[in-house]
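A.B. asks: Chain by chain, the residues:
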Amino acid sequence: MIKTALLIVGWVVVAPVLGGLLAGFDRIVTARMQSRVGPPLFQPFYDVFKLMSKRSVAVNKFQNFYMLCFIAFVIITGLLFFTGGDLLLTIFALAVAGVFFVLGAYSANSPYSNIGAERELIQMMSYEPMLILMAMGMFMVTKSFHVNDIMGFSKPLIAYLPGVFIGFLFILTIKLRKSPFDLSSSHHGHQELVKGITTEFSGKTLAIIEIAHWYENILLLGFIYMFFAFNPIVAISAIVITYLFEILIDNSYARLTWHFTLKSSWIVSGIFGVSNLLILAFLGK
Amino acid sequence: MSFLKKSPWVLHYDGSSCNGCDIEVLACLTPIYDIERFGIVNTGNPKHADVLLITGSINEQNIEVVKNLYNQMPDPKVVAAIGICAATGGIFRECYNIKGGVDTVIPVDIYIPGCAARPEAIIDGVVAALGVLEKKAEAFKSMKVSA
Amino acid sequence: MNIILFLLLFPAVVSLVFAVLPPNSFRNMLVRISCLLIAAGSIYAALVFSGQGTYFFKVNFPHLDKLFFAGEMLVSAFLLVRCLKIKPKEFYIPILIVLQAGIMAYCELTHAVPEVEHAFYIDNFSIIMALIIGIIGSLICWYAVSYMKDYHHHHPEMKNRQRSFFFILFFFLSAMFGVVFSNNLVWMYFFWEITTLSSFILIGYPKTEEATRNSFRALGLNLTGGLGFALGILYLVKFSPEHTVDLARVIELGSAVMLIPVALIAFAGIAKSAQMPFSSWLLGAMVAPTPVSALLHSSTMVKAGIFILIKFAPVFQGTWAGYCLALIGGVTFLMTSIIAVTQSNAKRVLAYSTIANLGLIVACAGVGTYEAVWAAIMLTIFHAVSKALLFLGVGSIEHKIGSRDIEDMDGLIVNRPGLAMVVLIGILGMFLAPFGMLISKWACIEAFVNSNIVLAVLLAFGSAPTLFFWAKWMGKIVSVPAKQSDKAKDKVSADEWTALGVLAGLTVATAALFPLISSISVEQYIISVYHQTVTLTQGNIIIMSIMLALLILLPLAFFAYPKKPMLVQRYLAGANIGDANAYQGSIGQTQLATMRNYYLTSVFSESVLVKISIFVTIAIIVAMFSVVKL
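Residue numbers (this note's numbering), protein chains in the order written: chain A, 1 to 285; chain B, 1001 to 1147; chain C, 2001 to 2630.
Think of the hints as simulated: they come from the structure by calculation, not from any bench. Note that this is a predicted model, so its numbers are computed, not measured. Misleading hints may appear alongside valid ones.
Calculated cross-link-like contacts (lysine-lysine; reagent style BS3-like; alpha-carbon spacing at most 25 Å) [stated by the list, open to error]:
| no. | chain 1 | residue 1 | chain 2 | residue 2 |
| --- | --- | --- | --- | --- |
| 1 | C | K2611 | C | K2238 |
| 2 | C | K2564 | A | K61 |
| 3 | A | K263 | C | K2611 |
| 4 | A | K204 | C | K2159 |
| 5 | C | K2066 | C | K2207 |
Chain A with its partners taken away, still in its complex shape (with noise of 0.2 Å):
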């Protein structure tokens, strides 16, 4: 009972303070990569923190309520993830968020927004049966879609999932929002997309917006984390190394099409994820 409250308090808490730090992380990385110095690690609570103190405003009344059922479902993800729940319900938690995300782009109504959530859409159907497939071959090893029983499986899952950790892999560059998939709402504004999805969206709202982003990549390492919960120390280098290697792939990748997303993620998933999966079939039976 404790531990659970504990788990809820630091979810609620100490992941959006670590997704912020994560973010500065990467910000600094990413500069050093492009031979900059690069924001202070603490900028993007600095960001945050500013956008708080600015007017709201907003194309319509509307727009803002969806950004908060957008964070609420996020957290509540979060909260079912970390506290050991389902995996595949938490998987659909987090789309029902992504919903939520999308219809305030919709609800704004401006042509780059709605670009953007037609794009986001377009992202979430890329990426959506990666991660149902993860949750499949994870049921298939540990015989549970209970997170708490995924964490606790003894061996390592990488070894029995490595095609669906490629496969997951690949959409978790979707999922990081990060070249060459961000198409929803590009890194930087000055593109022909201007901010895509969070366009018309500004001050507490863009930082809720922001933080329900910090908790999302929390929750994106969770599930690197799984794959290699055998052991922690391995698993956290894995979690270091994956965010280095998708900040690399940032860097060195221009914006794909929406076509090759969906086509490349689909055809990835499908022969990576797919035949890992059959093949555990097979050798269960």
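Mind docking chains B and C on chain A? Use the hints.
C.D. replies: Chains B and C only, in chain A's frame:
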């Protein structure tokens, strides 16, 4: 302490510049000057920006555009006119299509001189703009409190 | 017993009344009262019988078998007369009718059909079906009262044939009750053919050339399925050593003896529930007035197909036929979900989504494990509620905005907030956690991973497009237009509101009460068939309750939230003109920024995908029967 000073996001708009100042603005983002050190981000979106950087003078075509961009920025916000054209119209001042400096359309807080303005001057100007932003933020806060 | 007789006979009796009464307020009141009585009857049946075992009933009425046989022949004769209007390439329809009638006549006249001791039965699953037919069916009929008035108002060129419309609608309800309560397969076949006939007549209701052709296509494909049913009965009475047409007995005997007739009847089930390769009839059926689409083509009649499949699920468990059946469902689910992405006509989206969800249920039935059947029944319930709501919502929207195209629905949240909320609730019910469909889909995944990984993969890839097309539809509805059009004057009628409101309430209520629904009826049925059942994890139920509570409370928080943001124009690169989505284009022209959804037609092509899936599913059906015969 205001966090505005630590994270000024800028919006860069080219009025009718010869692109000289624009290149210098973008030069600030490069590894040599690296203004991201100060938390400055080029947003390209008025809804996200705190500082509006305008290069070049205002012409008859973009009067409404500049007004729109300014109006779409959330308070507190500052405007910096970069280069002599943005300040006064510069050598284009007498052209048939030129209305003049940026302050003929919207209030300008900081004028950054030069033709073209040097990156150092631009960074200096943005930093000066932050002081103004700080004051505006306090005014905004007290306005909110009284309201 | 009396309540079953009431449900079977009452709608048929009142339908005769509606066949003669002209559409006036007295008739309308009578329709509403009948709806209430039918709903009350089904609820009464549920209260009396649910949570208990299976009850069988005898009917002591002489020569009932002969009456049913006469009825079957009458239906065939009627259809043959109608076939005078067919086109040359529809030549196969009368052949099918004659074949079916011939088979049934052969069985009957050679006195081969054995007596069934208990003609009717009621168990927890047929109660659920009865509730769907009784409550949702009558709500749709209630809605139809005012909808049909509007319909003829909008289509003055059409002859007002409301008498035959309501006659068929209520007669159909009787037939549906017959399907779910019959323990005698020959009688069930009769009710089954009545539903085909009703569908045929109602699709042809607009009497346009398109409607007539589509109605014949529906008839042809359903008769193809019906031929499977007839062959199944022929096998049971002529070739099976057991020589029985008792449904309970057939299921009890299981796959060892009964697989062939059950597979033949399942073929009828596939056709009736519009699975690939038969799906085209359901798309064509969308020409009918919306209550017909809601009642026959999404909530009840197509459920007759899956009803029989779920009934036979224990027979299919672990067999090759079951595997093939599940694959047909899985392929249908994946393909139609993808095709739905490419559609902008709301009714076609709903039709494709209906086929997809039925596919999922068919897949569950084919797998046939207790978890899969639990999921299948849950899907049936939730789908019936949400889809009826969506169809009726779209029907009302179509009459008010004059279009059923999703692209025309933007700004609905501002212009018609009531209808927008109704459709939003329906869509949420269709694909988001914690609403019923998603819970069931979740159960499906768990069931599939345990038994059939190929199906699980099909499901994983099929649910992603589902998310896409529902979310973009929601997006259109919630988008706030730059310039508000004048608030619409003509209100949605009270009858339509009643049906929409109750269905929206039911969508939320079923999501909130699903553990209760599961424990008091679905699990009881599963236990009675499989002697074990699924257990819902406490923690997950809590989390889902929290999510549902959030979804209900957050909108309230929105209205309570005092501070409204300062409104500014949307970002159009600064070139905005006025308040609308207009901007200054090149050489000073005013351009309007218009936004349309993505339909991904460059990646997914409807015609190609349909061809592929028809090919694949026909191959699976061939594989299914060629190996069954071995």
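A.B. asks: Evaluate each hint against the coordinates.
C.D. replies: Verification of the hints:
1. Proposed proximity of K2611 (chain C) and K2238 (chain C) is contradicted: the alpha carbons are some 37 Å apart, above 25 Å.
2. A threshold of 25 Å between alpha carbons decides the hint, and for K2564 (chain C) with K61 (chain A) the separation of about 6 Å falls inside it, so the pair holds.
3. The suggested pairing of K263 (chain A) with K2611 (chain C) holds, with an alpha-carbon distance near 21 Å, which does not exceed 25 Å.
4. A distance of roughly 59 Å separates the Cα atoms of K204 (chain A) and K2159 (chain C); the hinted pair therefore is violated under the 25 Å criterion.
5. Simply put, K2066 (chain C) and K2207 (chain C) have alpha-carbon atoms about 34 Å apart, too far for the 25 Å limit, and the pair is violated.
Comparing the model with each numbered hint stated earlier shows that hints 1, 4 and 5 do not hold.
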